[in-house]
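Student: Once you have looked at the hints, place chain P on chain F.
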Amino acid sequence: MLNSSLSELSAALAAKRVSSVELTRQFLARIRSLNGKLNAFITVDEEHSLGQALVADQRRAGKGHAEAGPLTGIPIAHKDIFCTKGLRTTCGSRMLAGYTSPYDAHVIERFDAAGAVQLGKTNMDEFAMGSSNETSHFGPVRNPWDATRVPGGSSGGSATAVAARMAPAATGTDTGGSIRQPAALTGVSGLKPTYGVVSRYGMIAFASSLDQGGPIGKSAADLALLMNAMAGFDARDSTSLEREPEDYARHLNLDLQGLRIGLPKEFFAEGVDAEVLARVRDAVKWFESQGAKTVEIALPNTGLAVPVYYVLAPAEASSNLSRFDGVRYGHRAKDYADLNDLYRRTRAEGFGTEVKRRILIGTYVLSHGYYDAYYLKAQKVRRLIAKDFADAFARCDLIMGPTSPSTAFALGAKADDPVQMYLNDIFTIPAPLAGLPGLSIPCGFDGKGLPVGLQLMGNYFAEAKMLGAAHRYQQATDWHLRAPTETPL
Amino acid sequence: MSLTPDQLERIALLARIEVGPEELSGVTERLNRVLGLIDQLQALDTRGIEPMSHPLDAHLTPPPRLRADEATETDRREAYQKAAPAVSQGLYLVPKVIE
Chain F
1 MLNSSLSELS AALAAKRVSS VELTRQFLAR IRSLNGKLNA FITVDEEHSL
51 GQALVADQRR AGKGHAEAGP LTGIPIAHKD IFCTKGLRTT CGSRMLAGYT
101 SPYDAHVIER FDAAGAVQLG KTNMDEFAMG SSNETSHFGP VRNPWDATRV
151 PGGSSGGSAT AVAARMAPAA TGTDTGGSIR QPAALTGVSG LKPTYGVVSR
201 YGMIAFASSL DQGGPIGKSA ADLALLMNAM AGFDARDSTS LEREPEDYAR
251 HLNLDLQGLR IGLPKEFFAE GVDAEVLARV RDAVKWFESQ GAKTVEIALP
301 NTGLAVPVYY VLAPAEASSN LSRFDGVRYG HRAKDYADLN DLYRRTRAEG
351 FGTEVKRRIL IGTYVLSHGY YDAYYLKAQK VRRLIAKDFA DAFARCDLIM
401 GPTSPSTAFA LGAKADDPVQ MYLNDIFTIP APLAGLPGLS IPCGFDGKGL
451 PVGLQLMGNY FAEAKMLGAA HRYQQATDWH LRAPTETPL
Chain P
1 MSLTPDQLER IALLARIEVG PEELSGVTER LNRVLGLIDQ LQALDTRGIE
51 PMSHPLDAHL TPPPRLRADE ATETDRREAY QKAAPAVSQG LYLVPKVIE
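Taken in sequence, the protein lines are chains F and P.
Residues 1 to 489, numbered by my numbering, are exactly what the first sequence covers, in order.
Residues 1 to 99, numbered by my numbering, are exactly what the second sequence covers, in order.
Okay, chain F solo, but in the shape it has when bound (with noise of 0.2 Å):
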């Protein structure tokens, strides 16, 4: 059952082959028995999660309010920046590690109106600021397949808890690529989709006009019916569009003869691992063999990414994370002399050095006299990367190339050095600038058998197509049915 996709799962639930609270407590003792090697959950609540299994089972007998739907009874693990109101939510700060929420993201609420079962909240970079899950103020996750490895971040808990088979599927965020790139390091599936598809409501605000939620599966097809449950507009959210409901597992037979699939020069340029980039093109080599075409592309801004990310994604935190001020929600520091003494102790005990680093940068690019130098010159430069895949898509369908470049990397290998650690996310950072999904597959390993991810970028609300190319090539490939060798099954 632990490396079952989802929808094996359901059929064994539909047929009473398992129950949801079976099902349930193997994966409760797989998380059991790994969690403290690998520290992929921050909380997790057994008598929750089987109580919500009861109920899935009660559904799946008619007994229910509803008509069970496939992820009826499926555990599912919840990165740590969705609100719950029935678990405690601190989005791995110290800030936050006695919070529980008075009310649900809305992707808990749909979850939960599906019948899913939380299996628990996942480890994740402190308030989602992070490439390699170390600057969780619970401590790092490890990688499944090299313990001396991250896994990536800042849902690095959440492809860790499915790379591991701790569970069957969870949920994530993306700002500049805490979906796809820790997917990649996990050897998971992962989908940022198009800004405004999932509802931000209730999900921890780094940087809104980046931020989106999205699954983290081991398969395309098991995210496609992630994305059913997940995607749909909510009025909470003033970013979330108004679109009909679609089927993400509508084009997962996609026919691959004549796609056009374009190859961007600066993501197979020098400064990338050899072998990361020989199994990218082995897997493009594969669609190629399956009647697809490909076509060199440029995206030439691509170097600029980080610069302006880094400008953008700190000056809406330090907006967002003023609202951690030790008075309404979170943690209060004992000794202060006044209110703004209060303010600044609080800050300062609550928050790591990570983040408060980002809060100080986006202050200063906001602050007088540099709005226009770095603010509105970044957001002026977002516009050329957004232009470039405009005019990439006009000449092809699909982008592919790496998701990061390089394979895992060792825990404190780039903690002391920031420029680094954001250099890392390079190829991950131009799709939400743009706004457009982008989605991580495995596509082999390197030399040391660490996992190795291929990226996949389309147009807006490409996604079920994006899944469909990427679903083709599972068929064909079992990268993405490998189990870690640090925790076999």
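Careful, some of the hints might be misleading.
[Said to hold, decoys possible] Example chain P residues on the side facing chain F (calculated, C-beta under 10 Å, incomplete):
1) L3
2) I11
3) A15
4) P21
5) V27
6) L35
7) I49
8) R67
9) Y80
10) P85
The set of hints was computed from the structure by calculation and includes no laboratory data.
For glycine and all other residues, C-beta sits at the position ideal for the given N, C-alpha and C.
Tutor: Below, chain P alone, put in the same frame as chain F:
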């Protein structure tokens, strides 16, 4: 562009984050590395380009939704204040600000 420790103290004050004297030079040094990265933007000529604040192009963005001017929320003060560090009689407590 790079910051001096004095300038950083001023930014930290604006951000309401205490940076202790022993941290000041380390924080400034790492922040300046990031500013060095950001400064790469200055090399690009962006005259005549409109800033982009929303990631979707205008044709994909629906007009702002306006809801009817009706109360839609119920009073959940008690639930919301449960998470607060200090409350009394429905009020959030902070140190005295007016003598």
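Student: Taking the numbered hints from earlier one at a time, note which ones the structure violates and give those numbers from smallest to largest.
Tutor: 4
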